[in-house]
Amino acid sequence: MLKNRSVVTIEDVSDEDLKEIFSIADDMEKLLKENRKADIMQSKIMCTLFYEPSTRTRLSFESAMHRLGGSVISMADVKTSSVSKGETLADTIRMADSYSDIIVIRHPLEGAARLASRFTNKPVINAGDGSGQHPTQTIMDLYTIRKELGHIDGINVLMLGDLKYGRTVHSLIIALSRFNVKITLVSPESLKIPDYILKRVHDEDKIKLSTDLESSLPEADVVYVTRIQRERFTDPNEYQALIGSYSIDSNSLEMMKKDSIIMHPLPRVDEISTEVDRDPRAAYFRQASNGVPVRMALISKIMGVM
Amino acid sequence: MTEENQTLKISKIRDGIVIDHIPAGRSIRLLSILNVGEHSGHTISLAMRVKSNKKDYKDVVKIENRNIAEEELSLISLIAPDATISFIENYNIKEKRKVKVPETISGILRCPNQNCISNAKEPVETIFHIVSEDPLEARCEYCERIFKGSDLIGKI
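Protein sequence lines, in the order shown, are assigned to chains A and Y.
Quick note on my numbering: the first sequence kicks off at 1 and runs consecutively.
Quick note on my numbering: the second sequence kicks off at 1 and runs consecutively.
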């Protein structure tokens, strides 16, 4: 039961919760297609605290709350708020507690959402904490896989790119390992998955580590690509040498199954060439559009109205 | 030389505590985490690298007129998981206890992850959940990373 509970990590969402969220998200999608409003969150206020830049996550949370008939208050900019005067996160949360019914937070430090949940009785949703977790992106990713392929159990997932710092893959690996799936993790040696994430995986036998993309592509039902950040490399030549081996282009499409899909949490830079966008297997923009119905479903569950 | 002969190197104490079976070389760190030293006013006897029956070598520490709080026992367990503590009253052992690694440790350790919110100026104490006793590994309540005992003890 998610009612009045915080969602800090994907482990806070049970398998049963996931099923219910998916089913509600299906209904919300229909509602959105019919251009109707849910109006089940009237007089409820969501407070969004984004200490880091965000486009999709922030907009989709705010859009979801508005579509449900609720309102949103937010901290305009860290630079103009009391945070710049040295206010602790704990104090900011105490304030947000009295102004709103549900709090959404993104913060550069790991564990910030967990800390926030200790200073309020209102539910807190983690919208990304440093290199930690991003559970709502994961719910959205699982929803996308289920919608695109019809099922999650029995699939092969290839995850590609920055598996060390990419928080979306951390949550997703933990969540996928709860299903009957095979996961292949392909990354440069310096950006491989941290041990502390592998230790939280339900069954390590489901996971295979590799540095070779080409041999793993033909098996994959889902190719989940993440951005390799240029700034992670001290030598720009090293980045240029690497990026070609860990990106998806028309040659990669040749090697992939006809009914597979390519996902990406976006923003995309060099790791998926734009020629791939026209291929029906490119699911990343459809994936991003699932953000609103999935977050509508999650908010409704937490607020106890569904 | 037998263990008995070795322990005679340090004289008996009247009142206080004896911490035995400390892994060789760790007694200085143990004293520092217990905050006993030149300014604490206690008389301390310390024997390093004493031949032990149990392990090859061990350290032994005797602190006069000092007791041990419950939370200090868990702290000792991180550095010396096999340590025994004898509480001495009037030259007699009043009680002998083995340290036990607790399920959680609050407030004593610092998170080695510099990007963890518990290292920011927030009004919270650290919480670590023990995930393995041997080798010692603990998970930070906040950043959820799992650390080796040696990384955590280095931060005390």
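To be clear, the hints were calculated from the coordinates, so they are not data collected in a lab.
Mixed in with the good hints there might be a few duds.
[Claimed, not checked] Within a straight-line C-alpha distance of at most 25 Å, the following computed SDA-like cross-link-like pairs (lysine to any residue) qualify:
id, chain 1, residue 1, chain 2, residue 2
1, Y, Lys148, A, His202
2, A, Lys257, A, Pro218
3, Y, Lys148, A, Ile174
[To be verified] Only some residues are given here: those of chain Y computed to face chain A with a beta carbon under 10 Å:
id, residue
4, Phe87
5, Glu89
6, Tyr91
7, Lys94
8, Glu95
Source: prediction; values computed, not measured.
Positions of the beta carbon are idealized from the N, C-alpha and C atoms, including for glycine.
Against the structure, the hints:
Distance hint between Y/Lys148 and A/His202 is fulfilled; the C-alpha atoms sit about 21 Å from each other, no more than 25 Å. A threshold of 25 Å between alpha carbons decides the hint, and for A/Lys257 with A/Pro218 the separation of about 6 Å falls inside it, so the pair holds. With a C-alpha separation of about 21 Å, the suggested pair Y/Lys148 and A/Ile174 falls inside the 25 Å cut-off, and the hint holds. With its C-beta approaching chain A no nearer than about 37 Å, Y/Phe87 sits outside the 10 Å limit, and its interface hint is violated.
For Y/Glu89, the shortest C-beta to C-beta distance to chain A is roughly 42 Å, which exceeds 10 Å, and the interface hint is violated. At its closest, the beta carbon of Y/Tyr91 sits 48 Å from a beta carbon of chain A; the interface hint therefore is violated under the 10 Å criterion. Because the beta carbon of Y/Lys94 sits about 40 Å from the nearest beta carbon in chain A, more than 10 Å, this interface hint is broken. With 10 Å as the threshold, the beta carbon of Y/Glu95 stays out of range of chain A, its nearest partner Cβ sitting at about 37 Å, so the hint is violated.
In summary, the structure is inconsistent with hints 4, 5, 6, 7 and 8 from the numbered list given earlier, while agreeing with the others.
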